[in-house]
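S.K.: These protein sequence lines map, in sequence, to chains C and D.
Take the first sequence: its letters are residues 2 to 399, numbered as in the numbering used here.
Take the second sequence: its letters are residues 2 to 399, numbered as in the numbering used here.
Take the hints with a grain of salt, since some may be wrong.
No copy labels: a pair is met if it fits in one copy or bridges any two.
[Said to hold, decoys possible] Below, in silico cross-link-like pairs of lysine-lysine (BS3-like), each with a Cα-Cα straight-line distance of 27 Å or less:
#1 Lys366 <-> Lys159
#2 Lys195 <-> Lys4
#3 Lys33 <-> Lys297
#4 Lys195 <-> Lys76
#5 Lys389 <-> Lys139
#6 Lys159 <-> Lys4
#7 Lys33 <-> Lys191
#8 Lys297 <-> Lys4
#9 Lys29 <-> Lys76
#10 Lys164 <-> Lys4
#11 Lys191 <-> Lys29
#12 Lys297 <-> Lys29
#13 Lys334 <-> Lys30
#14 Lys159 <-> Lys139
#15 Lys29 <-> Lys292
#16 Lys4 <-> Lys190
#17 Lys164 <-> Lys297
#18 Lys28 <-> Lys159
#19 Lys29 <-> Lys334
#20 Lys76 <-> Lys28
#21 Lys366 <-> Lys334
No lab work stands behind these hints: they were computed from the structure.
2 protein chains.
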Amino acid sequence: MLKISHRGQEMPPSPIRKLVPFAEAAKKKGIKVFHLNIGQPDIETPPQILDAVRQADFTILEYSHSAGNESYRRKLVQYYAGVGINVNHHQIIVTTGGSEAILFGFMACLDAGDEVIIPEPFYANYNGFAVEADVVVKPITSNIETGFALPPIQDFEKAITAKTKAIVICNPNNPTGYLYSREEMETLKKIVQKHNLYLFADEAYREFCYTSEHVSAMHLTGVDDHVVLMDTISKRYSACGGRIGAFVTRNQQVLDAVMKFAQARLSPPSFAQILGEAAVDLPADYFNTTKAEYKKRRDTIVTRLNAIPGVFCPNPGGAFYAMARLPIEDADKFCQWLLESFDHNGHTIMLAPATGFYGTPGLGKNEVRLAYVLNTDAINGAMDCLEKALQVYPGRIG
Amino acid sequence: MLKISHRGQEMPPSPIRKLVPFAEAAKKKGIKVFHLNIGQPDIETPPQILDAVRQADFTILEYSHSAGNESYRRKLVQYYAGVGINVNHHQIIVTTGGSEAILFGFMACLDAGDEVIIPEPFYANYNGFAVEADVVVKPITSNIETGFALPPIQDFEKAITAKTKAIVICNPNNPTGYLYSREEMETLKKIVQKHNLYLFADEAYREFCYTSEHVSAMHLTGVDDHVVLMDTISKRYSACGGRIGAFVTRNQQVLDAVMKFAQARLSPPSFAQILGEAAVDLPADYFNTTKAEYKKRRDTIVTRLNAIPGVFCPNPGGAFYAMARLPIEDADKFCQWLLESFDHNGHTIMLAPATGFYGTPGLGKNEVRLAYVLNTDAINGAMDCLEKALQVYPGRIG
Numbered sequence: 002m003l004k005i006s007h008r009g010q011e012m013p014p015s016p017i018r019k020l021v022p023f024a025e026a027a028k029k030k031g032i033k034v035f036h037l038n039i040g041q042p043d044i045e046t047p048p049q050i051l052d053a054v055r056q057a058d059f060t061i062l063e064y065s066h067s068a069g070n071e072s073y074r075r076k077l078v079q080y081y082a083g084v085g086i087n088v089n090h091h092q093i094i095v096t097t098g099g100s101e102a103i104l105f106g107f108m109a110c111l112d113a114g115d116e117v118i119i120p121e122p123f124y125a126n127y128n129g130f131a132v133e134a135d136v137v138v139k140p141i142t143s144n145i146e147t148g149f150a151l152p153p154i155q156d157f158e159k160a161i162t163a164k165t166k167a168i169v170i171c172n173p174n175n176p177t178g179y180l181y182s183r184e185e186m187e188t189l190k191k192i193v194q195k196h197n198l199y200l201f202a203d204e205a206y207r208e209f210c211y212t213s214e215h216v217s218a219m220h221l222t223g224v225d226d227h228v229v230l231m232d233t234i235s236k237r238y239s240a241c242g243g244r245i246g247a248f249v250t251r252n253q254q255v256l257d258a259v260m261k262f263a264q265a266r267l268s269p270p271s272f273a274q275i276l277g278e279a280a281v282d283l284p285a286d287y288f289n290t291t292k293a294e295y296k297k298r299r300d301t302i303v304t305r306l307n308a309i310p311g312v313f314c315p316n317p318g319g320a321f322y323a324m325a326r327l328p329i330e331d332a333d334k335f336c337q338w339l340l341e342s343f344d345h346n347g348h349t350i351m352l353a354p355a356t357g358f359y360g361t362p363g364l365g366k367n368e369v370r371l372a373y374v375l376n377t378d379a380i381n382g383a384m385d386c387l388e389k390a391l392q393v394y395p396g397r398i399g
Numbered sequence: 002m003l004k005i006s007h008r009g010q011e012m013p014p015s016p017i018r019k020l021v022p023f024a025e026a027a028k029k030k031g032i033k034v035f036h037l038n039i040g041q042p043d044i045e046t047p048p049q050i051l052d053a054v055r056q057a058d059f060t061i062l063e064y065s066h067s068a069g070n071e072s073y074r075r076k077l078v079q080y081y082a083g084v085g086i087n088v089n090h091h092q093i094i095v096t097t098g099g100s101e102a103i104l105f106g107f108m109a110c111l112d113a114g115d116e117v118i119i120p121e122p123f124y125a126n127y128n129g130f131a132v133e134a135d136v137v138v139k140p141i142t143s144n145i146e147t148g149f150a151l152p153p154i155q156d157f158e159k160a161i162t163a164k165t166k167a168i169v170i171c172n173p174n175n176p177t178g179y180l181y182s183r184e185e186m187e188t189l190k191k192i193v194q195k196h197n198l199y200l201f202a203d204e205a206y207r208e209f210c211y212t213s214e215h216v217s218a219m220h221l222t223g224v225d226d227h228v229v230l231m232d233t234i235s236k237r238y239s240a241c242g243g244r245i246g247a248f249v250t251r252n253q254q255v256l257d258a259v260m261k262f263a264q265a266r267l268s269p270p271s272f273a274q275i276l277g278e279a280a281v282d283l284p285a286d287y288f289n290t291t292k293a294e295y296k297k298r299r300d301t302i303v304t305r306l307n308a309i310p311g312v313f314c315p316n317p318g319g320a321f322y323a324m325a326r327l328p329i330e331d332a333d334k335f336c337q338w339l340l341e342s343f344d345h346n347g348h349t350i351m352l353a354p355a356t357g358f359y360g361t362p363g364l365g366k367n368e369v370r371l372a373y374v375l376n377t378d379a380i381n382g383a384m385d386c387l388e389k390a391l392q393v394y395p396g397r398i399g
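The shape of chain C in the complex, shown without the other chains (with noise of 0.2 Å):
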């Protein structure tokens, strides 16, 4: 009998996988579903950069250098510069997403058994890239009360052991929409300073925040060697599919390095490299429009979420996310029973259970995390759902 690999083993299903099936089913019952349950943008992608891409000029669909096209590079450095960070474009390696960033730098800075320590709750696929490069994750708890601020520095000094090697930073962060303060970021600066860690910045959602300015890890003075900033162009530009990201540092060695795993795989996709580099020359305003129609969403759905008794929903400061805290026990039951049990005139809602974006066992059952990925009309149409689910909900406590 063949058998397959304890990664394959221990590397966890996409946490709303299990649901899955009980959306078909409703969809098939002629119910239709909010999905406020993945990051998926509803926003339409820039048509200027779908239209670079359909006039390209060439006849061969060639590799791509394996950090990525030089011109695409250059013109990041353009967009770098735009955001605060100046890097050049040596300092680039564009990436297949955000995902494999985030996995080059797990596979060339962490050996097989080291630790690297995330808040939590976080984006559940860390988990797998983890499992993949052989590290272990060691969660310290972010709270709800506190709208998930950054752990306090103790939290940290008590997970860090001989085998931590980088702290994992998701700024503003999915699932929970926090956005870290300079003071937090200063924090963490600290930390990585005086432990000797890589900070891994995910800043997949940059351009959305709400609150203040945003504060990348990029921008913190005397950690070049530390910082490492995972990045993805899919949320800023709504071009999920196109699989663009970028490793950036300043770190040579780790260049060094991460320029051979790059070089294994070849190139990143051609097509979408074109799309990426004509997205640096959007219109200024470009993200505006879109920030603005985030923000619309945010407070609508912050605004329902609180008036429904029994329900908080700290604000938050920027991504797409909302984290809410349900009158409920089991957030995976209550979801399933939406699903699979609930309608509101032929509408039901289907969210992520927090659960899955904690590492600790037990933590996160009563939270679910909501995408606003929906326009303010449909949103409230799920807020709707919502509030009637929890009145007649068998399994409402308090």
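Following the hints, complete the assembly by docking chain D onto the known chain C.
M.R.: What follows is chain D alone, placed relative to chain C:
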């Protein structure tokens, strides 16, 4: 001082990378370099499949299904049926190039420390994926005298240990161009059955067979659980930059495991899935034309090589590579000399030293790989250079 990981250190650089600066310097001096060193075909990507991408009608570049668009997978079923491989669309996971299919196979099927047997010389990037998955490559030597036929069964038996979990077979072979016969494939079947091993089949060059029909590992009967096909559209449609491949197996447990790796990175690139889907509808004679062109080039390069005194080049049955033994002691030095110190009427040639394709140190020192990805005029020009170079090379022996 921050350190990179052990695998970051062990990760092999691209074997031809060290020659690139010399090629650039030659070009700066005004020398035209014939590039026979890389597998980037000069054949045009079929315009109709590029048009399919240009004309695709969508407004949001969304994530695809993690296994690839269902419409594309259903189309691939049709393609595979056409080459005698019967699978359904649930048995196909679309990957980011053949590279990701190989990595997924190593990750999902092999544990850290497990061994994989690969006839050498072999595609150098297998080493990189082995480092990523912490797997040990055990080379068994195939020989230029036999044209790089499958090593005898005893060589496999000798190499197999309790840690051996898989054999990788690239057919037709990169870098040798060798096309494995039905008997050789049946031999491999017996070995994987007897020793309970996976058979990982890299068939990137399936369409380019010149001496007999291609025998796929997927054609073998009774080893459904053993065989994993790692496929790509890069070479068959001259679409290397698309980064679209496929992981294909009838082993359900392996599919379930690989699906989790696929979910972690969300989706393969969307644009090139459209291209891949359109490619299945290319006219039936598409491959005939391409194959006839490659065959003409093969005949030219092999004839020219064997006409040079002291050179031996077995006639490859497939792919678009030839391996040649040269009357020199050190191909790495010779290839550098060609770029650094030689020209013939303002032309020189870039070749891949074979040492990078052998796992056993010291082998292949007087061999080079030539990729016949240039038209016959260019190949003749390149062979004129090589002929002249071997007349004047100070390190010539014999």
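S.K.: Now, for every hint given, state plainly whether the structure supports it.
M.R.: Here is how each hint holds up against the structure:
1. Taking the shortest Cα distances, Lys366 and Lys159 sit within 27 Å of each other inside one copy (25 Å), while across copies they are farther apart (54 Å).
2. Proximity of Lys195 and Lys4 under a CA criterion of 27 Å is satisfied inter-copy only: 15 Å between copies versus 44 Å inside one chain copy.
3. Within a single copy, Lys33 and Lys297 get their C-alpha atoms as close as 23 Å, which meets the 27 Å cut-off; across copies the closest is 59 Å, which misses it.
4. Within a single copy, Lys195 and Lys76 get their C-alpha atoms no closer than 35 Å, and across copies no closer than 55 Å, so neither meets the 27 Å cut-off.
5. For the identical chains of this complex, Lys389 and Lys139 are neighbours neither inside a copy (38 Å) nor across copies (62 Å), given an alpha-carbon limit of 27 Å.
6. With identical chains, the CA atoms of Lys159 and Lys4 are at most 27 Å apart between copies only, with a shortest distance of 23 Å across copies and 38 Å within one.
7. Neither within a single protomer nor between protomers do Lys33 and Lys191 lie at most 27 Å apart by alpha-carbon distance, with minima of 49 Å and 53 Å respectively.
8. With identical chains, the CA atoms of Lys297 and Lys4 are never at most 27 Å apart, being 51 Å at best within one copy and 45 Å at best between copies.
9. Proximity of Lys29 to Lys76 under the C-alpha cut-off of 27 Å is restricted to the inter-copy arrangement: shortest distance 25 Å between copies versus 47 Å within a copy.
10. Within a single copy, Lys164 and Lys4 get their C-alpha atoms only as close as 30 Å, which misses the 27 Å cut-off; across copies the closest is 13 Å, which meets it.
11. Taking the shortest Cα distances, Lys191 and Lys29 never come within 27 Å of each other, neither inside one copy (54 Å) nor across copies (47 Å).
12. Taking the shortest alpha-carbon separations for Lys297 and Lys29, neither the intra-copy value of 32 Å nor the inter-copy value of 56 Å comes in at or below 27 Å.
13. When the C-alpha separation of Lys334 and Lys30 is checked against a cutoff of 27 Å, the pair qualifies only within one copy, where the shortest distance is 20 Å, while the shortest distance between copies is 70 Å.
14. Taking identical chains as interchangeable, the C-alpha atoms of Lys159 and Lys139 lie at most 27 Å apart only when both belong to the same chain, with a minimum of 11 Å there against 43 Å between chains.
15. For the homomeric pair Lys29 and Lys292, neither the shortest alpha-carbon distance inside one copy (35 Å) nor that between copies (48 Å) is at most 27 Å.
16. For the homomeric pair Lys4 and Lys190, the shortest alpha-carbon distance between copies (18 Å) is at most 27 Å, but the shortest distance inside one copy (44 Å) is not.
17. For a Cα distance limit of 27 Å, the shortest separation of Lys164 from Lys297 qualifies neither inside one copy, at 44 Å, nor across copies, at 58 Å.
18. Taking the shortest alpha-carbon separations for Lys28 and Lys159, neither the intra-copy value of 47 Å nor the inter-copy value of 57 Å comes in at or below 27 Å.
19. When the C-alpha separation of Lys29 and Lys334 is checked against a cutoff of 27 Å, the pair qualifies only within one copy, where the shortest distance is 21 Å, while the shortest distance between copies is 67 Å.
20. Taking the closest pair of Cα atoms, Lys76 and Lys28 come within 27 Å of each other only across two copies (26 Å); inside a single copy the shortest separation is 44 Å, beyond that limit.
21. Proximity of Lys366 to Lys334 under the C-alpha cut-off of 27 Å is restricted to the intra-copy arrangement: shortest distance 10 Å within a copy versus 64 Å between copies.
Of the numbered hints listed earlier, those contradicted by the structure are 4, 5, 7, 8, 11, 12, 15, 17 and 18.
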